[in-house]
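Chain V: place on chain H using the hints.
There are 2 protein chains.
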Amino acid sequence: MKKGERTRDHILAQSAAVFNQHGYAASSMSDLMLATGLEKGGIYNHFASKEQLALEAFDYATGLIERRYEAALEKRNSAIDRLSAVMDVFLEFIHDPVLPGGCPVLNAAIESDDSNENLRQRTKLVLTGWKTRIQGIVELGVAKGELKADTDAAKLSTIMLATLEGAVMMSKVCRDATHMRMAASFLEDHLKTLLVKEAG
Amino acid sequence: MKKGERTRDHILAQSAAVFNQHGYAASSMSDLMLATGLEKGGIYNHFASKEQLALEAFDYATGLIERRYEAALEKRNSAIDRLSAVMDVFLEFIHDPVLPGGCPVLNAAIESDDSNENLRQRTKLVLTGWKTRIQGIVELGVAKGELKADTDAAKLSTIMLATLEGAVMMSKVCRDATHMRMAASFLEDHLKTLLVKEAG
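Chains as they are written, first to last, in the numbering used here: chain H, 4 to 203; chain V, 4 to 203.
Quick caveat, the hints were computed from the structure, so don't treat them as lab data. Just so we're clear, the structure is a prediction, and the values are computed from it rather than from any experiment. Heads up, some of the hints might be wrong.
Identical chains blur together in the list; that is why a pair holds if it fits in one copy or across any two.
For lysine to any residue, the following SDA-like pairs were computed, each having C-alpha atoms within a straight-line distance of at most 20 Å [claimed, not checked]: (1) K5 / Y47; (2) K158 / F189; (3) K134 / D179; (4) K158 / S188; (5) K5 / G132; (6) K195 / A88; (7) K6 / A38; (8) K158 / C177; (9) K134 / A180; (10) K53 / A146; (11) K6 / I46; (12) K53 / R125; (13) K158 / T181.
Extracted from the complex, chain H is given alone in its bound form (with noise of 0.2 Å):
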């Protein structure tokens, strides 16, 4: 990587941590300079404006995000096995955060909802691609004939997410593990309920 590649990283790392713990709007270019040990032309250097940053921070924060539920869903194939993957994702959200505040999406869909029309857009990508990545794992274990072949897999994929995402923001402003590991516990119980019996 070039010195001016790891540069930009730097400020993305930096950055993507404190948008994720402060907000987008509420952190201050005297913020990020303090972040990245820059001086403001440092940064300027590398991106248009603060927006711009914003922006790109949230791609870094969710490419994070991205490469945990590559790790996680590796090696697991069955349906049950996937869809308990994507969970303990959320599970790190808590225990051990890609970045400092939690879950970048979640805090960015906060944020984004009534002020920002292009985090907003951006996060709403975000969530809906991984709403069809757990869609799309229900859909298979269903034509696998793992699932039962009822199973609405667009109002299970929504479920999934809204519970583990509230369960977040829940554990997040408690101090309290007790409500993300409740969340996991329910839905593992209700996946069960989905599992097609095995003969014999």
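Structure of chain V alone, referenced to chain H:
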């Protein structure tokens, strides 16, 4: 109501709407002056600082939701009807929010958890109160023989809150009420499985 009280109430109502859409830290005194139509001095006559106004605006917002709960729960007697009434309050965050910007508790939780300890404490208190209300309805339902004796009230209250708040987030950022409807329908179905079957 005296003129001073009316002005104070006006500042709280307008500021609460600004904070709920744009965040507490990201809203400037200029934003609040614009929304209230008052000069800075007019606001500081009633609130010592933006931080103080933010906390009282949060209390104002959650007070509005409290009145929604009271109206929804009125004349609802059975546990299932009362839990359904609680869900209605969340559906209103999408279709008819107490303030523009969705659920004030969800918004404050996400903003405060890493960056505003006073607001985090206050948000945790309100969220815990909501959880206690749901848990109390479930426990009474069990005691009255309406809900199955092995119903886990603590877990169910966390699941309901997490799923509903997560669905508010998804419906808001995607501008699609389907997520909220699916969450409510899923929880209604789940609650039915907890009902004690009438004999005969």
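Hints versus structure:
1. K5 / Y47: within (18 Å within a copy, 52 Å between copies)
2. K158 / F189: both (16 Å within a copy, 8 Å between copies)
3. K134 / D179: between (26 Å within a copy, 14 Å between copies)
4. K158 / S188: both (19 Å within a copy, 9 Å between copies)
5. K5 / G132: neither (32 Å within a copy, 53 Å between copies)
6. K195 / A88: within (15 Å within a copy, 29 Å between copies)
7. K6 / A38: Intra 19 Å, inter 47 Å, cutoff 20 Å: intra-copy only.
8. K158 / C177: Cα proximity of K158 and C177: across copies only (15 Å, versus 28 Å in one copy).
9. K134 / A180: between (24 Å within a copy, 15 Å between copies)
10. K53 / A146: neither (46 Å within a copy, 56 Å between copies)
11. K6 / I46: within (14 Å within a copy, 50 Å between copies)
12. K53 / R125: Classified as within; 16 Å inside a copy, 31 Å across copies.
13. K158 / T181: This pair counts as between: shortest inter-copy Cα distance 9 Å, intra-copy 25 Å.
Hint compliance for this structure: hints 5 and 10 are broken, all remaining hints hold.
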